[in-house]
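Please model the entire structure based on the sequences and the hints provided.
If you're matching them up, the sequences are chains A and B in order. For the first sequence, counting from 1, position 63 maps to 62 in numbering that gives the first Met the number 0; every step adds exactly one. For the second sequence, counting from 1, position 118 maps to 117 in numbering that gives the first Met the number 0; every step adds exactly one.
Heads up, some of the hints might be wrong.
Pairs involving identical chains hold if they fit within one copy or between any two copies, as the list cannot separate such chains.
[Unchecked claim] The calculated DSS-like cross-link candidates involving lysine-lysine, where the alpha carbons are at most 30 Å apart (straight line), are:
1) 21 / 196
2) 319 / 39
3) 319 / 119
4) 39 / 49
5) 319 / 57
6) 119 / 57
7) 74 / 21
8) 74 / 57
9) 74 / 39
10) 21 / 49
11) 278 / 39
12) 280 / 196
13) 57 / 21
14) 57 / 39
15) 188 / 119
The hints are simulated quantities; they were obtained by calculation from the structure and are not laboratory data.
There are 2 protein chains.
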Amino acid sequence: MDNKTKNRPLTPPPDGGRPTLKTIAFMTGLGITTVSRALKDAPDIGAETKERVRLVAKQIGYQPNRAGVRLRTGKTNVISLVLTLEEEIMGITSPMVVGITEILAGTPYHLVVTPYSAVKDAMAPIRYILDTGAADGVIISRTEPHDPRVALLTERGLPFVTHGRTEMGIVHPYHDFDNERFAYEAVRKLVARGRRKLVLLEPPPHLTFYSHMRAGFERGLRDFQADAVGFHQTNIDHSLVEIRDAFEVLMRSEDAPDGIVSGSGSGAIALIAGLEMAKKKLSEDCDMVSKSPSDFLRWLRPEVMTMYEDIRVAGRELAKAVIGHIDGQPPETLQSLSQPEFQPPITRGLRA
Amino acid sequence: MDNKTKNRPLTPPPDGGRPTLKTIAFMTGLGITTVSRALKDAPDIGAETKERVRLVAKQIGYQPNRAGVRLRTGKTNVISLVLTLEEEIMGITSPMVVGITEILAGTPYHLVVTPYSAVKDAMAPIRYILDTGAADGVIISRTEPHDPRVALLTERGLPFVTHGRTEMGIVHPYHDFDNERFAYEAVRKLVARGRRKLVLLEPPPHLTFYSHMRAGFERGLRDFQADAVGFHQTNIDHSLVEIRDAFEVLMRSEDAPDGIVSGSGSGAIALIAGLEMAKKKLSEDCDMVSKSPSDFLRWLRPEVMTMYEDIRVAGRELAKAVIGHIDGQPPETLQSLSQPEFQPPITRGLRA
DNA sequence: CATCGCGACTGTATCGTTACAGATTTGAAG
DNA sequence: CTTCAAATCTGTAACGATACAGTCGCGATG
Chain A
0 MDNKTKNRPL TPPPDGGRPT LKTIAFMTGL GITTVSRALK DAPDIGAETK
50 ERVRLVAKQI GYQPNRAGVR LRTGKTNVIS LVLTLEEEIM GITSPMVVGI
100 TEILAGTPYH LVVTPYSAVK DAMAPIRYIL DTGAADGVII SRTEPHDPRV
150 ALLTERGLPF VTHGRTEMGI VHPYHDFDNE RFAYEAVRKL VARGRRKLVL
200 LEPPPHLTFY SHMRAGFERG LRDFQADAVG FHQTNIDHSL VEIRDAFEVL
250 MRSEDAPDGI VSGSGSGAIA LIAGLEMAKK KLSEDCDMVS KSPSDFLRWL
300 RPEVMTMYED IRVAGRELAK AVIGHIDGQP PETLQSLSQP EFQPPITRGL
350 RA
Chain B
0 MDNKTKNRPL TPPPDGGRPT LKTIAFMTGL GITTVSRALK DAPDIGAETK
50 ERVRLVAKQI GYQPNRAGVR LRTGKTNVIS LVLTLEEEIM GITSPMVVGI
100 TEILAGTPYH LVVTPYSAVK DAMAPIRYIL DTGAADGVII SRTEPHDPRV
150 ALLTERGLPF VTHGRTEMGI VHPYHDFDNE RFAYEAVRKL VARGRRKLVL
200 LEPPPHLTFY SHMRAGFERG LRDFQADAVG FHQTNIDHSL VEIRDAFEVL
250 MRSEDAPDGI VSGSGSGAIA LIAGLEMAKK KLSEDCDMVS KSPSDFLRWL
300 RPEVMTMYED IRVAGRELAK AVIGHIDGQP PETLQSLSQP EFQPPITRGL
350 RA
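Next up, the structure:
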């Protein structure tokens with residue numbers, strides 16, 4: 000027996016560590032290459048051999064070394080979630096991460112959170128990922144109509160998905176909440192309640208869903224014959240105190256609205272505070288419809304009509320879409336829009 | 000010039016890809032090994048050489064290939080945040096992730112989120128990380144007094160930090176919120192308001208901070224001479240509806256408390272709902288102190304006195320502690336306890 | 001003048017995996 | 001009795017980095 004056959008490890012691998020291809024090769028008496036190809040179900044390996052290899056691999060709990068694979072193939076098995084550190088008060092990230100990991104759990108992918116701080120640095124993490132090949136796919140949010148991140152990722156061919164749409168003529172995977180419809184239905188609801196002077200707490204103008212929400216709001220005004228009260232001093236990215244103070248001023252003016260559409264759950268809190276500081280009462284002087292990513296409004300302010308934006312589901316959709324993109328599915332099949340629906344009130348207890 | 004010197008790449012590396020040690024070696028005319036050691040500031044490399052290498056490396060934006068390092072050295076540069084998928088309603092994860100990444104941003108570490116689903120599977124992600132060497136350090140939460148994860152990680156020598164303490168005689172890094180003091184101060188506050196029949200919405204009994212919070216509560220009762228009303232039907236892990244219904248029953252009974260200590264912000268919501276369903280009024284019939292990881296209670300129910308648990312800071316502390324542990328600092332220097340403080344009310348606007 | 005030590009640098013092997021180009025066997029075709 | 005193709009299996013090199021064991025030149029030492 001010549002010991003030139005380096006590929007066939009006659010030395011038992013220095014056990015104690017985790018099993019590698021070499022371990023399996025030793026146990027089956029096969030070459031490392033054969034084992035590798037057998038586990039990949041390559042066509043040039045005998046059926047029985049594959050079976051044997053699979054069995055042994057399973058028995059000893061073989062799991063490919065990620066560093067080895069990554070070094071050789073460039074495949075990282077990483078999905079990168081790119082986030083801004085300037086967090087929304089109610090922490091939209093939480094359910095998002097949960098949703099994503101729910102999907103990734105059934106795959107070899109890991110979720111890496113990649114943050115950026117200043118708004119102007121939004122490109123930094125993207126460049127980092129591209130330059131270092133840190134991930135196989137990227138999830139980005141706070142999408143803008145002409146988003147340079149989308150342009151760059153597309154140009155470099157790195158799979159990604161956006162939370163929110165763009166308007167740059169690039170067909171790419173996305174998941175979005177139908178903010179146009181949200182605002183439209185909100186107006187319908189308020190008008191049905193007899194409200195006619197409506198105000199919108201809008202998203203920051205540079206984000207894509209700003210125009211969606213505005214469009215829905217204005218279409219609603221036209222269709223249901225209501226009037227808009229201007230309120231562009233603040234948006235949902237401002238601090239709650241700023242929103243509150245600006246809204247108090249508005250509510251004290253003669254232009255005071257009688258119906259509110261709030262583009263965010265935490266913004267709604269500030270609006271309520273401003274309204275109450277102006278000595279107005281919710282439900283009486285004013286009705287409100289708010290988007291809400293969680294339950295607290297329904298519990299604490301049941302007068303507010305809420306449409307639930309399920310961020311956890313969004314996370315799931317986003318994860319499925321990036322993976323689809325990585326797997327080469329056409330982008331146009333990886334787009335989804337979640338439809339807003341009014342939430343029922345919290346069920347009252349059944350006891351006497 | 001002999002071309003045996005494989006280590007000195009005379010062929011310009013097939014550029015187009017990212018720079019590697021080989022690229023720098025080619026540019027400086029040095030060997031790959033020398034470049035590697037120069038960048039590590041090894042003592043056997045000349046000062047001027049180091050300078051040159053560093054300069055070139057910086058110029059071309061060299062960043063070590065993580066897969067290469069990881070394969071060779073086993074160092075992953077990954078911190079794993081182990082989370083349960085069964086999320087608390089208010090999403091504590093969000094600020095936590097933000098806090099952690101704030102610290103990791105200044106280091107070579109990446110944050111990987113590793114979830115587990117069923118409570119019984121809490122060990123699964125730990126075993127996975129240990130078996131596959133997936134991380135250099137681990138952050139775990141929902142700590143129990145005798146936590147098998149802590150035992151296993153300690154035994155295997157993988158650096159970690161817990162959010163919460165244990166009681167197993169193992170000295171390990173942790174960060175915790177002082178729940179004992181929280182409950183104690185809460186009782187003090189309620190008694191100062193003339194409340195004497197107090198109830199505690201407690202954590203689930205298997206978690207360590209259950210006994211902390213209970214201890215503080217009971218010490219407060221003794222020191223300030225108040226009485227406890229039993230309420231063990233539900234805890235902060237139960238659904239809001241369950242908490243509400245159980246609390247309604249209690250509030251309708253002749254045992255109805257006049258002071259509430261709520262161990263969680265979202266639990267507080269349910270308690271308020273239950274109380275109101277029992278036709279009682281906050282502030283009048285009953286006062287409440289609640290722990291709160293966010294601002295919404297202060298905005299929507301300013302009557303509730305809150306102590307803020309800054310999860311973002313917790314994330315920062317946890318990240319610092321794992322890294323310290325990885326760097327070999329003694330565990331006893333990596334323990335921290337954050338002190339609760341009552342939050343001031345939201346500042347009222349300044350305008351007329 | 002050999003030898004030693006030291007400073008500065010370098011080649012080789014290796015981590016685990018896979019692409020690629022063989023190698024070996026078997027049986028059928030000529 | 002070649003020759004060839006198909007079916008299986010295998011060795012080598014490479015991905016990028018580092019541990020280790022050198023090598024080389026040079027001034028000091030005996």
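Exercise. Which of the numbered hints are not met once you compare them with the structure shown?
Worked result: 1, 11, 15
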